[in-house]
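Going down the list, the protein sequences come from chains S and Y. Just so you know, we're using our numbering here: the first sequence kicks off at 1351 and counts up by one. Just so you know, we're using our numbering here: the second sequence kicks off at 73 and counts up by one.
Quick caveat, the hints were computed from the structure, so don't treat them as lab data. All figures in this text were calculated on a predicted structure; none of them were measured in a lab. Take these hints with a grain of salt, some might be off.
Stated by the list, open to error - Reference listing, derived: stretches of chain Y covered by chain S, where coverage requires no fewer than 3 residues with Cβ under 8 Å from a Cβ of chain S:
hint	region
1	163-175
2	179-185
3	190-201
4	204-218
Claimed, not checked - Looking from chain S toward chain Y, a few residues come up when the C-beta cut is under 7 Å (computed):
hint	residue
5	1606
6	1847
7	1848
8	1850
9	1851
10	1924
As the list claims (entries may be wrong) - Pairwise CB distance ranges (calculated):
hint	chain 1	residue 1	chain 2	residue 2	range
11	S	1658	Y	152	41 to 49 Å
12	Y	158	S	1646	24 to 32 Å
13	Y	218	S	1622	25 to 33 Å
14	Y	183	S	1510	37 to 45 Å
15	S	1643	Y	152	19 to 27 Å
Using N, Cα and C, we set each Cβ at its ideal position, and we do this for glycine too.
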Amino acid sequence: MECHTTLPAQIESRNGSIALVGHPNVGKSVLFQKMTGQRVIVSNYPGTTVEVTRGSMKSLPDTTLVDTPGVIAFPPHSEDEQVTGRVLLYEPLRAILQVGDAKNLRRTLNLTIQLAEMGVPLVLALNMMDEAHSRGVSLKHDLLSEHLSIPVIPTTAIRSQGIKELNSALMTNRSPNFRLAYPADIENAIAKISTNFSGQQTPISHRSLALLWLSSDPVTEKWLQDNLEAQIYQELISQRQILQLSFVEPLSFVIQGARLDYIEGLFTAVVTDTGGGWRGISTSLGRWATHPFWGWVILAIILYGLYWFVGVFGAGILVGLLEENLFGQVINPWVVEQVSRLVPIPILVDLLVGEYGLWTMGMTYALALILPIVSTFFLAFGVLEDSGYLPRLAALSNRVFQRMGLNGKAVLPMVLRLGCVTMATLTTRVLETKRERLLVIMLLALAIPCSAQLGVVMGILAGVSFSAMLIWSGVVAIVLLAVGWLAARVMPGERTKLLVELPPMRRPVFSNVALKTLARIEWYLKEVVPLFLLGTALLFILDRTGVLNQVIRLGEPLVAGWLGLPPEASAAFLVGFLRRDFGATGLFVMQSEGLLTPIQIVVAMVTITLFVPCLASVLMIAKERNWRTATAKVVLITPLAFIIGGLLYRLLFTIGWGL
Amino acid sequence: MKIREIKCGLCGHRYNPDQHIACQSCPLHSNCNLVCCPACGYQTVDPQGSLLVRLASYLPKFRGPAKNNHNAFEGVSLAEIPPGGQAELVGFADDFPADRKAYLQAYGLVLNHQVQVVQQSPVTVIRLDNIELALENDLARGIRVQLPDVEAP
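Just chain S, same shape as in the assembly:
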């Protein structure tokens, strides 16, 4: 095996951006924040970044830093990994900054070698040095740098250690002179394939392009198809097929085998591991979280804690303080008085501060009722995300998702859906197959509420009893499982088996959780307040024109007759088309006015949870799929929600629950 021979100078001078590349969950996004000053969502689970984020570097203001989704190795296995492959081939790059986990050098080097072969100036940031030290891992980074002929900088990004050194290393802009020798047949093939690119300016070295082609990298295949004549491309295909005949294993494994041999030697030379890892409370917590019995106990404790913090504290105590005391006694009376005094037109006064007033209903719902609920939820959710619990939940719940033709990884978009439907839909890219992504998108639209709705539901049900909460969650879970089970049988295709990394359990950093909560609250205010105002204006117009009464009368057989709710609840379901949480808030107000019995509350909450996907969700499905699919989902889901709600009403009434 040889390395260090000089690479032909195919890539002379470079302008363009710097790509931040690395394995999932090694701190790329933290480093991106430190180097650009731009805030991106950072979490302790793989898949936080599912598309690229760009930012101007603080030290090199003319240079853009591109944060990419985590990639294990090339060729990529999932859609988000392919995004990274596309950045490397289609984006003009002046350098690559690889972020690697210092305590897992074998894995890091596997990617480093592939990146170094690309011939683009490369800097390796060995991140999380603090964790490496605490686990008894010490590294000779100078020796590593010498072997790979690239700058290797130890960093602890979360504490801003090593950032200055990284910036100066990136300014050197030197292409690595790294070359690994592969078996003779592969070397001959590389030489032959490379002749097809001679004289052509390629984004990465000819050698690396040939290796990626031989490994059947889909992004490289697409790039070559786009950039080579059809005849040459066909020749490449036949060359690869002929070469494959010389080996029993796929070519990618043969190439990988040579790399692994080299890595093993290098690893032994530069790493000293004195052991000492896998001790302490975080290791024990991590084990309990995936334990077949204690794992579920921990999940139950977390869910109860969430119920208490969001439902009892957020929706009960905080909403009480804000809605009844601050808005009810101070702000709203003052606003009503000022508007009545200053605005001479009665209809305008009604529009602003009447029964369906933009302030007295729209803004009060958004700020006094929903805001405290989502704030507490976002805070609790941020703590969970940063603790490293979510991948363990994926492992724990794998068997449940198996029944739905999925694997435990599907829990990630489902949990994220509680925060933001757009983010959740994008996060389905961490799933390996199109079939799995479609299944999860469908389940997201059906039975997973958003945080605001979940908070309102928790708040209302907390006011009834804990058993009401259990009935609601039980019915929603049964519907989710039944629909998932059926859909998995209807949709053909094989299930991907779970294989997921479990990051270390960490104590969440307060500043990160707080900033993430603030960013999400800002998003909520920007997205939700306009829709609440629109919904209120719609109700106002319907009320003024007398249509609202007609809607209530028309909806009476369904809402009152079938669901057993007061006819006025029709208005809540009507605005639920805009946002389900707006509809749920209407029911919340009815409950606080004593208009709903415990049975009616549970039935209303189940129906509104399973109700049509809100406007944002429908738009997202239409964007990801098409309008026909989005319309079909609305047409299917609406009657299903009412059928289940009506059946539940009859069941609870028959057994005499809550009477």
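Given the structure of chain S, go ahead and fit chain Y onto it with the hints provided.
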């Protein structure tokens, strides 16, 4: 009819309980739920024979060895290493999914590399250097391992 196969708990011999000539000639055979290994004679419960065993198999603790969907290979699979045990990678089943194999190799699971098994239920959790990986039991059944050499004291 599907050919059944039982692995003897004592000697590891695999046999078909339906082709048991000795059992057929036994007068008490009709209500017997046990079968004997033709190689060593060790008695094993026939999972198809007993209703109680079939019912108990729905409980996780009594589930017993799950069906191996991979092509059979000689030796021990990763799924058979008890929690806390160490093992060295020997190879993968022929039909092991290629993308999962590449993924595991990228994480450093290469020939002769040692892993520690943390748990086997509900999924197999292994420690590889300083990484913990969770993999479905069926994947673990496709990974061939051997127990590491124990040095003499």
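Going down the list of hints, with the structure as the test:
Counting residues of the region 163-175 of chain Y whose beta-carbon sits less than 8 Å from any beta-carbon of chain S gives 7, enough to reach three: the coverage restraint holds. For a cut-off of 8 Å, the count of residues in the region 179-185 of chain Y with a CB near a CB of chain S stands at 3, and the three-residue condition holds. Chain S is given as covering the region 190-201 of chain Y, and this holds because 8 residues of the stretch bring a CB closer than 8 Å to a CB of that chain, at least three being needed. Note: the region 204-218 of chain Y has 7 residues with beta-carbon separation from chain S under 8 Å; the three-residue rule is met and the coverage holds.
Annotation: interface hint on residue 1606 of chain S holds; nearest CB of chain Y at approximately 6 Å, less than 7 Å. The interface hint given for residue 1847 of chain S is met, as the beta carbon of that residue sits about 4 Å from the closest beta carbon of chain Y, less than 7 Å. Checking residue 1848 of chain S against chain Y: minimum C-beta separation of about 4 Å stays under 7 Å; hint holds. For residue 1850 of chain S, the interface hint holds, the least distance from its beta-carbon to any beta-carbon of chain Y being 5 Å, beneath 7 Å.
The interface hint given for residue 1851 of chain S holds, since its Cβ lies 6 Å from the closest Cβ of chain Y, which is under the 7 Å cut-off. With a least beta-carbon distance of about 44 Å to chain Y, the hint placing residue 1924 of chain S at the interface is violated under the 7 Å criterion. At roughly 43 Å, the beta carbons of residue 1658 of chain S and residue 152 of chain Y sit within the given window of 41 to 49 Å. Distance hint check: the CB atoms of residue 158 of chain Y and residue 1646 of chain S are about 28 Å apart, consistent with the given range 24 to 32 Å.
The hinted range of 25 to 33 Å is satisfied by residue 218 of chain Y and residue 1622 of chain S, whose Cβ atoms lie roughly 27 Å apart. Taken as a hint, the range 37 to 45 Å holds for the pair residue 183 of chain Y and residue 1510 of chain S, whose Cβ atoms sit roughly 40 Å apart. Hint check: residue 1643 of chain S to residue 152 of chain Y, Cβ distance near 22 Å, so the stated range 19 to 27 Å holds.
In summary, the structure is inconsistent with hint 10 from the numbered list given earlier, while agreeing with all the others.
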